[in-house]
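Work out the full structure: start from the sequences and follow the hints.
Chains as they are written, first to last, in this note's numbering: chain A, 1 to 249; chain B, 1 to 329.
I should point out that these hints are in silico values taken from the structure, not numbers from a laboratory. Hints may be right or wrong, so weigh each one.
Claimed, not checked - Here are the simulated PhoX-like cross-link-like pairs (lysine-lysine), alpha carbons at most 20 Å apart as the crow flies:
hint, chain 1, residue 1, chain 2, residue 2
1, A, K181, B, K140
2, A, K206, A, K181
3, A, K25, A, K225
4, A, K208, B, K36
5, B, K36, A, K206
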Amino acid sequence: MTMAHFGGHGRTHLSEYAGDVWFGKLDARAKLVGIFVFVIVSAVLTDFVLVLVSLAVALTLVLASRLPVFYLARMYSAAVPFILFASVSVFLFGGWERGIEMWARTSACVLPLLVLAAGTETFDLFAGLRRLHVPAVITTLLMLTQRYILLLSEELSRMSIARKARGFRGARNLLDRYGVKVVAFTAGMVLVRSFDRADDIYEGLKCKGFGQEMTPWRRSRVALKDGLLALGLATVAGLLLTVQLGVIT
Amino acid sequence: MHIPDGLMAPVVSLVGWIEFPVVFAAVLLLSGKRIKERNLPRVAVLSAGIFVAQMLNFPIGGGTTGHLVGGALFAMISGPTIAVIGMTIVLLIQGLMFGDGGITALGLNAINMAVIAPLTGWGVYSLLKGLSERRGARGKVVGGVVVGAAAWASVFVAAAACAGELAVSYAVSSGTYGIAATVAVPAMLGIHAVIGIGEALITAGVMAYLWSVSPGSVTSTDPNRKTLPGLRGAVSSDTARAVIAILIVFALALPLYFLYSSQGKDGLEKTMQDAGTAEGRPMISSPFEYGQDYFSALFAGILGFLAVALVATVILKLVRMKTVRGEEP
Numbered sequence: 001m002t003m004a005h006f007g008g009h010g011r012t013h014l015s016e017y018a019g020d021v022w023f024g025k026l027d028a029r030a031k032l033v034g035i036f037v038f039v040i041v042s043a044v045l046t047d048f049v050l051v052l053v054s055l056a057v058a059l060t061l062v063l064a065s066r067l068p069v070f071y072l073a074r075m076y077s078a079a080v081p082f083i084l085f086a087s088v089s090v091f092l093f094g095g096w097e098r099g100i101e102m103w104a105r106t107s108a109c110v111l112p113l114l115v116l117a118a119g120t121e122t123f124d125l126f127a128g129l130r131r132l133h134v135p136a137v138i139t140t141l142l143m144l145t146q147r148y149i150l151l152l153s154e155e156l157s158r159m160s161i162a163r164k165a166r167g168f169r170g171a172r173n174l175l176d177r178y179g180v181k182v183v184a185f186t187a188g189m190v191l192v193r194s195f196d197r198a199d200d201i202y203e204g205l206k207c208k209g210f211g212q213e214m215t216p217w218r219r220s221r222v223a224l225k226d227g228l229l230a231l232g233l234a235t236v237a238g239l240l241l242t243v244q245l246g247v248i249t
Numbered sequence: 001m002h003i004p005d006g007l008m009a010p011v012v013s014l015v016g017w018i019e020f021p022v023v024f025a026a027v028l029l030l031s032g033k034r035i036k037e038r039n040l041p042r043v044a045v046l047s048a049g050i051f052v053a054q055m056l057n058f059p060i061g062g063g064t065t066g067h068l069v070g071g072a073l074f075a076m077i078s079g080p081t082i083a084v085i086g087m088t089i090v091l092l093i094q095g096l097m098f099g100d101g102g103i104t105a106l107g108l109n110a111i112n113m114a115v116i117a118p119l120t121g122w123g124v125y126s127l128l129k130g131l132s133e134r135r136g137a138r139g140k141v142v143g144g145v146v147v148g149a150a151a152w153a154s155v156f157v158a159a160a161a162c163a164g165e166l167a168v169s170y171a172v173s174s175g176t177y178g179i180a181a182t183v184a185v186p187a188m189l190g191i192h193a194v195i196g197i198g199e200a201l202i203t204a205g206v207m208a209y210l211w212s213v214s215p216g217s218v219t220s221t222d223p224n225r226k227t228l229p230g231l232r233g234a235v236s237s238d239t240a241r242a243v244i245a246i247l248i249v250f251a252l253a254l255p256l257y258f259l260y261s262s263q264g265k266d267g268l269e270k271t272m273q274d275a276g277t278a279e280g281r282p283m284i285s286s287p288f289e290y291g292q293d294y295f296s297a298l299f300a301g302i303l304g305f306l307a308v309a310l311v312a313t314v315i316l317k318l319v320r321m322k323t324v325r326g327e328e329p
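Printed below as a string of structure tokens:
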């Protein structure tokens, strides 16, 4: 269970519960393919009823995944400002049906992605992307960056405690010269420490056999239940698309 | 500024998905050895540093807070190509681990925050940094203002691009997707003009800290950088590279502009229609049937853009030659 907690975005590491639920034990490739196909199709739906059906499927996935709903709701709230802004704007210009359609469509796309993020160990997710032939330079950078984020966020929380110990309670507003300077210098310190660590980390990686690529050590194969999830989501997406295009009425 | 899936019109998302892989591939090619084995962990560490620096919230006022975007800062520290790669990684982590952004919107999000923001910040900084070098003792203050201006511009231009994408989505989908320009443009630009001030103050503070504590870590102000001779030197000069960066940002906006303009009549045509007059036969007709459809408008626009860029470059070159001759004893 990953225990890192990220403070600044007001978010916690999403894959904390991945090891506890059945969804977390599925192969990352199957989840990636199934959810990506569903999200892409949901994003192009314009029929009001079909959009509501895709939202119902997304909500079913949320409940079926057994991930804590409050947890996903908290993560969903990060996307709410943009969704609300768009929905209210469309409502004002196009009426209530279009406003609801916009909210339902964006939510039907956001929720499955949150389930994917929360229900998959981060390194399994990146390894799954590599196995799906995403370029090695991207997946290796993702894995390394994620590793260093954990290190540096711990460093940031230590700095935060040190600031509080000296009586700093945060900047009041942008005109608070001292407060803004402290925030900026803290960010600068994080960067300087990251530069200092870069060479040590590289030497450490070389000792562990690092070449050009972070190769996943764990073997993984797509079992029947993994295939069924991907197939199920792809089938639902296919049906929604065919009805949207008028192939099936 | 993270656009979720389902908000943008599919054709607009497709433009993002066409543009971004092309830019990313070009950047990988240009970065060459700097993205190879030994430097890979460095890029990752820097990306992680920017990600963690983004966690520091700053108060905007009225109970709201903002946080660093970091595109300009990344570019000023490591150069534009590494910044594009690093910011893309930061965006992918935000998308895959936190559900910020989306799949169909990834191309547009990456164009706005991983390409336009760093390139604009770096371009403005490179164009203006000469001002601080010539100011002697006051150079530090001017340097801070230059960094702040670059950071503010990076956030504002990225927000403008996002607002433009929302408006084009609304126009091409007859209101099914996106947000009307009358709402999207003032709302996005208004709030990001203020967020940009926070970005400017924090970025200027971070750069001031880096200059005093670890000057060697800032690539863009490396005093040991060699000047290449001839054409390579001219292309690798700060001004030329800054102009190229700003032109790339402009070029990225072109397909969406032509997508938008191909949807309706321009101001003159609308006025003529309202007045009940019709356009006469042109003296010379365009070989590309300008404005007839999206692709002819795009093609004609790119040709026009290249022609203007070429003429401007020649004029600048001539002015520079004249100035250099005038300076000679």
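To see whether the hints hold, each was checked on the structure:
Of the pairs offered as hints, the one joining A/K181 and B/K140 holds, with about 15 Å between alpha carbons and a cut-off of 20 Å not exceeded. Note on A/K206 and A/K181: the hinted pairing is violated, with a Cα-Cα distance of about 38 Å set against a maximum of 20 Å. With a C-alpha separation of about 10 Å, the suggested pairing of A/K25 with A/K225 holds against the 20 Å cut-off. In summary, the hint linking A/K208 to B/K36 is supported, as the alpha carbons are separated by about 18 Å, within the 20 Å threshold.
Restraint check for B/K36 and A/K206: the C-alpha separation of about 14 Å stays at or below 20 Å, so the hint holds.
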